Amino acid sequence: MFADYSMAELGAIFAMQGFAGLILFSVFVLMALGLAIIFGQMGVINMAHGEFMILGAYVTYIVSNIFAAYLPSLFGIYFFIAMFLAFIASGALGLFIEWAMIRHLYKRPLDTLLATWGLSLILQQIYRSVFGAREVGVSIPDWMMGSLPLTDLIEIPINGIFVMVLAVSISLAVYIMMFRSTWGRQVRAINQNRVMAGAVGINTEWTDRLTFGIGCGVAGVAGSAFTMIGSTGPTAGQLYIVDTFLVVVFGGAASLLGTIASAFSISQAQSIMEFFLSGSMAKVITLLVVVGILMIRPQGLFALKLRK
Amino acid sequence: MTLTNYMNRKELLGFLILAAVIFIVLPLALDTFRLNLFGKYLTYAFVAIGLALCWGAGGILSLGQGIFFGLGGYCMAMFLKLEASTPENTAIQSTPGIPDFMDWNQLTALPIWWQPFHSLAFTMLAVVMVPVVFAFIIGFAMFTRRVGGVYFAIITQAFAAILTILIIGQQGYTGGVNGITDLRTLLGWDIRTDEAKNILYFVNGALLFVVLLIAQFVRKSKLGRLLIAMRDQEDRVRFSGYNVANFKIFIFCLGAAFAGVGGAMFTLQVGFMSPTLVGIVPSIEMVIFCAVGGRLSILGAVYGALLVNLAKTTFSEGFPELWLLGLGGLFIAVVMAFPNGLAGLWSEKVEPLLNRLISKTQSAEAANPNKAPAE
Amino acid sequence: MSDKGKSTDSLGMSRRAMLAGSAALTASLFTPKGLKAADYPTSEVNTTGLAVTDDTVTVGILHSITGTMAISETGSVQAEKLAIEQINAQGGILGRKIEYVQEDGASDWPTFAEKAKKLLVNDKVASVMGCWTSASRKAVLPVFEQYNGFLYYPTFYEGLEESPNVIYTGQEATQQIIAGLDWVNKEKGAKSFYLLGSDYIWPRTSNKIARKHIENFMEGCKVVGEEYYPLGHTQFNSVINKIRLKKPDVIYAIVVGGSNVAFYKQLTAAGIDPAAEKPLVLTISVTEDEIRGIGGENIAGSYACMKYFQSLENENNLEFVKSFKEMWGDDIVIGDVTQAAYLGPWLWKAAVEKAGSFDVDKVREAQVGIELPTAPEGYVKVHENHHLWSKTRVGKALADGQYEVVFETADLVEPDPFPEGYQ
Amino acid sequence: MPERFILSVEDLTVSFDGFKAVDHLSFYVEPNECRVIIGPNGAGKTTVLDLICGRTKATGGTVKFKGMNLLDMREDQIVHAGVGRKFQTPSVYEDLSVFENLELSYPKGHGVFGAIFFNQDQVVQDRIQEIAETIFLADQLDEKAAYLSHGQKQWLEIGMLLIQDPELLMLDEPVAGMSVAERKKTAELLNRIIQDRSVIVIEHDMGFVADIATRVTVLHRGEMLSEGSMDHVQNDPKVVEVYLGH
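Chains as they are written, first to last, in the working numbering: chain A, 135 to 442; chain B, 26 to 400; chain C, 101 to 523; chain D, 169 to 414.
With the rest of the complex left out, here is chain A (with noise of 0.2 Å):
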């Protein structure tokens, strides 16, 4: 496969290959950030995560309408404000769902996932109706295209920077609000000991909902990032559920730090085998490894033992 090829060549393609496995782990760990954090923390089973992803990408779209229609000049940074605004619809939608729908469901967790998958079609037809059956095309500002010529042969795609800065800013964020946080001590109090955590002055209440909502609100962030690089259409969400959901589970679902390294093994894993083996089969084998995994690991990469 690779006598034709100068070392020179080779070098360059396999720079740029490692940088396609290093985009798509950032793709994978944005798609399962905000799932981690409510299945790691809170037990539930978001089906409806793709949706609210994809939430995230309708606000991009219509901030992207109304500075193309009202504020042209400052068309560049829109994308700022409209990753901003995806958080707070996505949160905000978040919050109304775990007020009106998860909460009543903490002790059923298989229940929960059944009500989620009906949010999810829900969701799906409400955006079918208000944006129409067909994608829409979220126009990015120029400077977010195109790609960067690191040397004549290697260009590294801006947009996969970008994915790559949000994914760590991301995680990093995540990481000092779980681990630096007031919040982040009593959602890990929660997850530890609900009834303790309540009796010691937690309102575990209010802090189970702003759990969903972030976790929903990154989701949503995911989504306006991923108006570069895929579709955006009423049913796109579903596009992504099945390999986040395998990104944590594989992760271990209790930690964060597995969910990264789980992103980062599957994506490696696959990158490497769509380089070699044709596309279909790169994913079945991928997804075959990983329940094969899961079945002699069940507990995932990364998982505390405890006493029972």
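Do not take every clue at face value.
[Stated by the list, open to error] Quick look at which bits of chain A chain B covers, simulated, 3 or more residues with Cβ under 8 Å:
1. 348-358
2. 408-417
[Said to hold, decoys possible] One side of the interface only, derived from the structure: several residues of chain C facing chain A at Cβ under 8 Å:
3. Asp299
4. Asn337
5. Gly393
6. Gly456
[What the hints assert, rightly or not] From chain A, some residues computed to sit far from chain B (all C-beta separations above 10 Å):
7. Phe209
8. Pro243
9. Trp251
10. Ser254
11. Arg262
12. Asp276
13. Pro283
14. Leu284
15. Leu300
16. Ala331
17. Ile336
18. Ala403
19. Pro432
FYI, nobody ran anything at the bench for these hints, they're computed from the structure.
Bear in mind the structure is a predicted one, so any value in this text is a computation, not a measurement.
Think of the CB as a built atom: it goes at the ideal place given N, C-alpha and C, for glycine as much as any other residue.
Knowing the structure of chain A, use the given hints to seat chains B, C and D on it.
Relative to chain A, chains B, C and D alone:
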């Protein structure tokens, strides 16, 4: 030990009513087209019954029942496709005598693993055994390692995704995204005629009752009680000397076998099989059939499958744009307001009401001695 | 209850606009023959119990308006409704107004089969305009053959089929592929091709025909890669790197749906600007409809091989685009399949009038050889294999989401659903 | 192979992420002995029972029961070998009746197909009746376990163990949370059922311990602190230190 241990009078009445609905009311009330539709809905009931056992009784939620439905359906479709692909029917192909999609994909000979499907006996065995073997592999790997609950649900869902991608990707062998279509005869008997559809409906109904009776037997056996015990206190069951994994594997395999039979009947009645029945979405819909009917009740599962599908057809004919809202709302309503589904509604609301009415009339009769005595 | 529409439509169309559009069309489409229903007694034109009354005839529209395929099929529904409106405005068929029953296939093949059966058995529709994916057509085909229905199928597809109960108004694979490949070879000097597709039958069959044509009929040309990704796949960076490694002259892309959007966005972002034509991007799966989702700036400079582009500058098309926009709004775009769907009701009308009957067997007989000089794509004719003779065109994508037509075949290309030498 | 001890625990160790919950623990139980394990909270008492019955996997050491190495066996195999375990919180099947609770514990029909075709014959019914009388629940046989009082649930769980007829019975705080009257009845019940089998009991109630114990083992931070008769351990300065020293 008498039969009443396996079915009390109330349950017997429930079975008889369902039998009357399936074998008398529906055939009399509906034309062949609608009856065939109901036949299709009833094939989902096979899956829902399996789920009522696995999920309702055993607490094992599988989001991959579409896998087993699909495997059963594909086995049947392979047999029918081979029968439809006679050299005469496929004379225009480069290789006559093999299924058309194989010819389109440059296959020049029937793959070896298709060969046994020339035999109906083998196919009927495969319809049950292929899903069971799959379920056994998944169940063995997961349950002996004590994977359960949410993890099990997600991993089965991943399997459904994998199988769909595989079927679509290997289109030379599986018909790809189109599925296996244009099925015509079963041992020379044309399954597309109205008469055949009517007969298939009754065969389907009869098989459904066989499955229902098996399910009832299992539920009423000690194994049924063990499932409930496991759902509530898995450790206690273990320390009463049971190998919990084996029981879970068994019930999961049983559900898979039911689903396989349902899939085969689907293929026969609808006339094709396609990967859209294998994937994540149909698998979750099958769970909702069960949930709507009442996850604990096997009869409820049948009604759930019938009603949800009837609603789907009606709504999507009348208000197609609203259908998803309705279905989504149904999911949420069932989970939040009626966790025991229709069966729960019946036993919690309707039955007490009926009892009250009956006792009222009785007391009214008692209060009115002039009327004819009650007995 | 079904969505029964008469000549008005509830979906926000201005009645006056529609009338104006139809009036304009009357001039260019068929000259109304002033056929009166009274001249065609129902008992004579309908001997098989179809839903034909003294002043109406019912047809079915069967597309997905929910689910993943709704994105693609919406345009076809709109086109079919437009054609029906216009036909009605001209006095209908044999003096009878067309009514339609619309059913939702819900992007689910069994549902398509179920609804097809409902249309034929319960509603007894005289013909059906519908289906989009091959899978849905394969699912309904046995139903149409069993109940002797008549389907107008609008999508360009892989061929390998010729049903007496279907008129294929889109192109089969060879009509779409061969001329385009020859053109890039001749005009652009392309010698090496990288074939890419979504993983299902149409891209695979099309690429098979493309490969055979490249290897057997195009001198010195070769295929340097062929690859398929699952439907809905959204990550193409690895394959883009592979393409870089192979340095093909042409990326031949048959990616569909949401994957399309991801593919072109990532291609541009990776520094492969289609406009630079290094490599050149040639597709048969991106119509104007898809570009809206992809974003014109991401695909500008790519080439698409179709039979119809919205920008075609013939009178028929100008009229068609005008009335389409009047009916469905100014920001609408019209893709290849939408136009093909628009042909369905017109072809059926012509056949019914030629046969003087709604009976499917007579319509089928009359249909072959029907010519439609008024089609937006230009003159078309029904081949005896039930496909259309039509031209193949190559368009270059512009940033505004339209195509600039850069090439069209001189003659109509003969449909060849079972091409010799390509199997 | 004749052995002096029915249960030999040697060098048993388990660590959770570096924390040694049980640390090189050895003790031996003789046939028909009633061994009581005491110790302050977090001493590792419950963990020891978990290790013996296979609920927790040991990091090191051996547990031999009648010559079989329990650490290599699954929970159900350990049960079949003759070890019964009662949990600290009553764990009964709340959705099933008392009768069904006992039926499921009857040592027959433990395979999948055995369970499906399990026959409630007269022998089974008599045995259930007998056990129900022993545990004071003969009148509640058809009641759902969920409706029993806390003490009754504890008795039911003990009954579920009795019906298995284990050679080694392990009870984790059998009288915790009981009323005085219930406690007295339970002591009586336990005294009756420990007669012809070996028993390991975890208990805090010293009066109760003194009443039933043959020997007492005191655990502290996963290690053995003292072992011997009740008198012996009560006078052991190390034990006094641990219980009163802080």
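A quick look at each hint next to the structure:
1. Coverage of the stretch 348-358 of chain A by chain B is violated [criterion: at least 3 residues with CB-CB distance below 8 Å; count 0].
2. For a cut-off of 8 Å, the count of residues in the stretch 408-417 of chain A with a CB near a CB of chain B stands at 3, and the three-residue condition holds.
3. Hint status for C/Asp299 relative to chain A: holds, with the closest Cβ pair at about 5 Å, below 8 Å.
4. The restraint placing C/Asn337 at the interface with chain A holds, with a minimum CB-CB distance near 3 Å, inside the 8 Å limit.
5. Restraint check, C/Gly393 versus chain A: the minimum CB separation of about 3 Å is within 8 Å; hint holds.
6. Here the hint on C/Gly456 is broken, as its CB sits about 39 Å from the closest CB of chain A, past 8 Å.
7. At the 10 Å boundary, the C-beta of A/Phe209 stays outside the reach of chain B, the nearest C-beta of that chain being 34 Å off.
8. With a cut of 10 Å on Cβ distances, A/Pro243 falls inside the contact zone with chain B, its closest approach being about 5 Å.
9. Non-interface call for A/Trp251 relative to chain B: violated, since the shortest CB-CB distance, roughly 6 Å, does not exceed 10 Å.
10. Not every CB of chain B lies more than 10 Å from the CB of A/Ser254, the least distance being 7 Å, so the non-interface label is violated.
11. At roughly 8 Å from the closest C-beta of chain B, the C-beta of A/Arg262 falls inside 10 Å, breaking its exclusion from the interface.
12. Against the 10 Å criterion, A/Asp276 stays outside the reach of chain B, whose nearest CB is about 36 Å from its own CB.
13. In this structure A/Pro283 is separated from chain B by more than 10 Å, as the shortest Cβ-Cβ distance comes to about 36 Å.
14. The beta carbon of A/Leu284 is kept farther than 10 Å from every beta carbon of chain B, the shortest such distance being approximately 35 Å.
15. With a minimum CB-CB distance of about 26 Å to chain B, A/Leu300 clears the 10 Å threshold, and the non-interface call stands.
16. Non-interface call for A/Ala331 relative to chain B: holds, since the shortest CB-CB distance, roughly 22 Å, exceeds 10 Å.
17. The beta carbon of A/Ile336 sits about 25 Å from the closest Cβ of chain B, which is more than 10 Å, so the claim that it is off the interface holds.
18. The non-interface label for A/Ala403 is consistent with chain B: the shortest C-beta to C-beta separation is roughly 15 Å, beyond 10 Å.
19. At roughly 4 Å, the least C-beta separation between A/Pro432 and chain B is not larger than 10 Å, which violates its mark as non-interface.
The structure is inconsistent with the numbered hints 1, 6, 8, 9, 10, 11, 19, although it conforms to all the rest.
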